[in-house]
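Q: If you're matching them up, the sequences are chains A and B in order. Going letter by letter, the first sequence gives residues 50 to 605 in the numbering used here. Going letter by letter, the second sequence gives residues 50 to 605 in the numbering used here.
Each hint should be verified, as a subset may be incorrect.
If several chains are the same, the list does not tell them apart, and a pair holds so long as it fits within one copy or across any two.
To be verified - Subject to a maximum C-alpha distance of 25 Å in a straight line, what follows is the list of computed DSS-like cross-link-like pairs (lysine-lysine):
id : residue 1 : residue 2
1  : K65       : K239
2  : K232      : K434
3  : K604      : K154
4  : K86       : K434
5  : K232      : K604
6  : K228      : K238
7  : K159      : K228
8  : K423      : K232
9  : K232      : K86
Because the hints were derived from the structure by calculation, they are not lab data.
Letter by letter, the chains look like this.
There are 2 protein chains.
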Amino acid sequence: MSYLHLFEQHETSLNKAIDAIRSRIFHAHWPEPPSGKIYGETAQEDGLHAFKTSLNSTFEFLQNGSSGTVGSEQSPYGFPLNITYPAYSADVLIANAQSALIEWKQLSTKERAGILIECLERASKHFFAIGFSTMHTTGQGFIMAFQASGPHAFDRALESIATGYMAIDAFADSVQWTKPMGKMQVDLKKTFHIRPKGINLTIGCSTFPIWNSFPGMFASLITGNVTIAKTHPSAILPIAICIRSFQETLVDLGVNPHVIQIAIDETSKPITLELAQRSEITTIDYTGSSSFGNHLEQVLQRSHTELFTEKAGVNCALIGEVDSLDAVLDNLAFSLSLYSGQMCTTPQNIYVPKEGVKTSEGIITFDDVCGKLKEKVDALVFNEKMGPGTLGALHSPAVQSRVEKAQSSGLDIIRESASVQQQGFDNALSCSPLILKATSSDQAILHEEWFGPISFIIPVDSIQDGISAMAESVEKHGALTTLLYVQSEEYLSLAEEKLIDAGVHISFNLTGPIWVNQSAAFSDFHGAGANPAGNASFADLSFVSKRFNVIGIRKP
Amino acid sequence: MSYLHLFEQHETSLNKAIDAIRSRIFHAHWPEPPSGKIYGETAQEDGLHAFKTSLNSTFEFLQNGSSGTVGSEQSPYGFPLNITYPAYSADVLIANAQSALIEWKQLSTKERAGILIECLERASKHFFAIGFSTMHTTGQGFIMAFQASGPHAFDRALESIATGYMAIDAFADSVQWTKPMGKMQVDLKKTFHIRPKGINLTIGCSTFPIWNSFPGMFASLITGNVTIAKTHPSAILPIAICIRSFQETLVDLGVNPHVIQIAIDETSKPITLELAQRSEITTIDYTGSSSFGNHLEQVLQRSHTELFTEKAGVNCALIGEVDSLDAVLDNLAFSLSLYSGQMCTTPQNIYVPKEGVKTSEGIITFDDVCGKLKEKVDALVFNEKMGPGTLGALHSPAVQSRVEKAQSSGLDIIRESASVQQQGFDNALSCSPLILKATSSDQAILHEEWFGPISFIIPVDSIQDGISAMAESVEKHGALTTLLYVQSEEYLSLAEEKLIDAGVHISFNLTGPIWVNQSAAFSDFHGAGANPAGNASFADLSFVSKRFNVIGIRKP
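Please put together the full structure from these sequences, using the hints given.
A: Following this line, the structure appears as structure tokens:
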């Protein structure tokens, strides 16, 4: 059976994605607005209904060999999901994967691309259910949940498929090779075969269960590997909906559904380390805390497992020279508030010259900058229309404890955190941004990631010193993002030089509806792979090419 | 200062290389015949003169900070070279590299490509001197020495440059990004910067001091890294000539010569491990024994150094079904004899069905196949015109000891090894191929690499069993090459399936002037990176893309 018809069906989508990846232009295969005009007038209602139907029930997959059940998800908006999922042992998952690998790796790259894009297209019909599930497992506001787990995550998946396709397509898969040798010649028919590394394990995180998992899964799949998505025990449902849909599509197409499996555990009985250490697992994608990531690196030191990581970092910002401070602080206030700072890309340490910030209206003092940032956050958070949806809820009580710990750290408080009412969800766990004033001597605090709505404003002697402090922090503690507000050529160049050296992506002078937290598929590389926050980048060539080898065959 | 004129000058060469790499067609930028018509009528004589002039003298580089001298090379043809080289400490090498890196990484990829190809073009004027130096350090016969260290190695360097260029060129380096948002839009100017990993260390081997070193060096250089070539103490001169020439070119162009450095030590006072463990070294290319390679892997386990390896393997062959056994054994005899089996690609374990080999003239018994292979090797080795030049000399007395050890292992001897007279070099260390008969029960012997002119013929119950034995051997002990003589579709498919799974390149039914030992730049990947013989492949995308990261910068 051939799947080339699926390739033909999706070839235009693939080529548009490849064009965007090459040129880095804006591209969105799936539109981001959760709009009825795009997704159907009843799509939101249907999605909510599907989400509600899945509560208090048992979730099924087309995946063999379950033993027992797991599941104890809790909505951050204050109620238990009461969903039970089948549990699968490491032995079963690996046996399933091994058998699925046999046929999957035999398919051509074109066939795999066709099948995978078909899987995504069909699963995209569930965007609204996925959005509500993401909201009620991660705590994201609905619009963000819809976008991050729906169109944005699916675009990242398509990006991985397209990048893997490009990497394989870089070289011909066969050639008639003729070597002239004086009056003779040698002729060889050469073919080149993509040999996947084998079984991929993608270890998901609690805050972006789909967006952070799809890149590794689909980069693995397009290059001939099969994948096991290990979900975070607190955020199972969103990716469970996707994987059930993928498995239905695979079965419908006559492909072994175990090409894409789910692995679910409970916090009390984790299986991640057991799976990760199995020799049959050849590549691992990990998103999560640095402590578990470092532990993984250590236990895998002696193995040949290829480990792709996105661990934690300390994102830095600098406000030095601005045109309009209002526009800058509007932007920054939103970045600090969005999903209550629970993004790996949210700024944490904000450097401001102690002499104040140069603006088109003169210097604004350090204290005034702090005060104005507080006002901007207040204005957003207390805006009943905007605030609650922007903040969302805390994905875990641990974030609240962290806010309390920071609030009682002894540092001057610029803005106190307080709970924010989430309409209709009286028990939602919600904290508005806490902003503290630190000094360079508070290194123990500043060099730690305070995941959640916690940021620090740090006075520096000069813009130059601020840039140096950022570069040093990135080199030592890693970062996913940096954000700088400087105007003069001197500082722009200095920042570029120092921060490229430090190995981190840079955003300058963002105002208006574009935020440092955002990373756009097809255009922005997510993660640089060049600092302690992780070795992987969505999706550079290294992210895909380490997942396969090329085997050459020569025949006369 | 811009170097774009050099890019323009070499753009056609680069594009032809890229075209060949993409299509895998035959391509040679530098012709392989050591012919006066190509390289100048006096080129050979001049090269020999240059080689002789360098004997008994002191070799100089354009490299700062030497302390003391080293050098005790010995020609395998029986005389000492008496060349002393400057020694450089790890501290000096790293300080030099760090300062050179500052400007090198700022150049554009086009500029680096232009400069590097110019370096190669100028150094290629020394092909004959490099050839004689290679002959008198490695023991290779002259023609092979010329080709392997001259055109073939330089083609591999050009291949690495072109592959690195392709990988970087896969994505735009800037874009005006416009995101439509209903009635608004967001505009960002994005630029993408290549951030090299830093300083590369390339650890060379004693048998192919240039061919095995250039790929890693030039893949590192094109992607913005600087490189330190650590030579094997017994084969310094060939690459020393290249590096002096490169440094002269760099200085002439106004580039810091420490972009490409040499590191030389003595066996009694090695510096490789010290260098490899320095945190400033970020990528290492290693070619050599598995024992030192495994040790390197172990000491680097906790570091973030990216290690590319080509270690040893056990190459396997199978003679099952042939058209003409004479043609097959002519080919195999040459492969076993070429450079006295001292190639990482030479077959070692040769499986033959115990019932004999099917030929177009009927079955030929196992014993007759062994006897005929002996005759073919005799005919080549005792051919005064062909034999000595094909065999060359043993690069080290350790190889001779290994031959003696194998000869007294108790296995049946199919062909005894004996020294072969090298015209004009009475003290040359030379051994003709030893061929032994082993059985599957001699696993301890068969699963070891017997580097040198040593091979084993092993009877198997069937062609199928032979294929299984090869696959198992590759999986457990690694291999650079496999060679099979089978005709029926059934066995061709089975071998492809099993050996692709095992992760090794395959050659079928080679006869005539093309041998399994050969790996053609631009077309054949050398090393699969998929079995215990090493993780690197010259030059797939992974070989280049792991040497840099991409840093994105966004500005309104």
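Q: Against the structure, test the hints numbered earlier, and report the numbers of the ones violated in rising order.
A: Structure breaks hints 7, 8.
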